[in-house]
Amino acid sequence: TQLLEQSPQFLSIQEGENLTVYCNSSSVFSSLQWYRQEPGEGPVLLVTVVTGGEVKKLKRLTFQFGDARKDSSLHITAAQPGDTGLYLCAGARGSGNTGKLIFGQGTTLQVKP
Amino acid sequence: DAGITQSPRHKVTETGTPVTLRCHQTENHRYMYWYRQDPGHGLRLIHYSYGVKDTDKGEVSDGYSVSRSKTEDFLLTLESATSSQTSVYFCAIKMTGTAGEQYFGPGTRLTVT
Chain A
1 TQLLEQSPQF
11 LSIQEGENLT
21 VYCNSSSVFS
31 SLQWYRQEPG
41 EGPVLLVTVV
51 TGGEVKKLKR
61 LTFQFGDARK
71 DSSLHITAAQ
81 PGDTGLYLCA
91 GARGSGNTGK
101 LIFGQGTTLQ
111 VKP
Chain B
1 DAGITQSPRH
11 KVTETGTPVT
21 LRCHQTENHR
31 YMYWYRQDPG
41 HGLRLIHYSY
51 GVKDTDKGEV
61 SDGYSVSRSK
71 TEDFLLTLES
81 ATSSQTSVYF
91 CAIKMTGTAG
101 EQYFGPGTRL
111 TVT
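Note that the protein sequences, when read in sequence, are chains A and B. The first sequence stops at residue 113 when you use our numbering, and every number in between is there. The second sequence stops at residue 113 when you use our numbering, and every number in between is there.
Everything labelled a hint here was simulated from the structure, so no lab data went into it. Every value quoted in this text rests on a predicted model; they were computed, and no experiment measured them. Cβ atoms here follow ideal geometry from the backbone N, Cα and C, with glycine treated the same way. It is possible that some hints are incorrect.
Per the computed footprint, the stretches of chain A lying under chain B, defined by three or more beta-carbons under 8 Å from a beta-carbon of chain B, are [unchecked claim]:
| hint | segment |
| --- | --- |
| 1 | 27 to 34 |
| 2 | 40 to 47 |
| 3 | 98 to 108 |
Please work from the sequences and hints to get the whole structure.
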């Protein structure tokens, strides 16, 4: 059962375009993380959102946690070739501190120069 | 850099043979995790550990066992490898007191022929 659905799964755009990746679930998460992964490497943490409605910015990347803490989005403004990679969302459930995460399937982004 | 290394980085083995993958960390983190990554599935949790000799199952634990006799080492064993266990395996740690953020090793690519 895939508890976190990411869309789109693949995205190929030109440099300078904007894009949004969505991460949706019917479950409530205590926190949600976004990771970026390059070929041959492990995922690298970009951001964590904890509060419903929270918005965080990381340069040209804007992350939002849904009001009900069931969904999240990642918006990239003026994409650059260096943004190319696999983007993964991951949610933590429950109040325990085990740190167990549920991952989405990932969104492969290709930004062409 | 959370000081995580994985060994080996690449391995090819035959069906039915035992395989052990090692994850080593240098910063005394309590929580450690093993994931597998397959196309279209994101990352799926195999087992995790919350201290020396304290481990628990994740969502895809069948066919895998783990051991943690020292804080710094978390071993994943495939007792009798099958072709369905061909995958990329990632180890991760969680920083104490964080909202679930995990930091990943570089991965081990395992091929079972």
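Against the structure, the hints:
no.	hint	verdict
1	27 to 34	holds (count 3)
2	40 to 47	holds (count 6)
3	98 to 108	holds (count 8)
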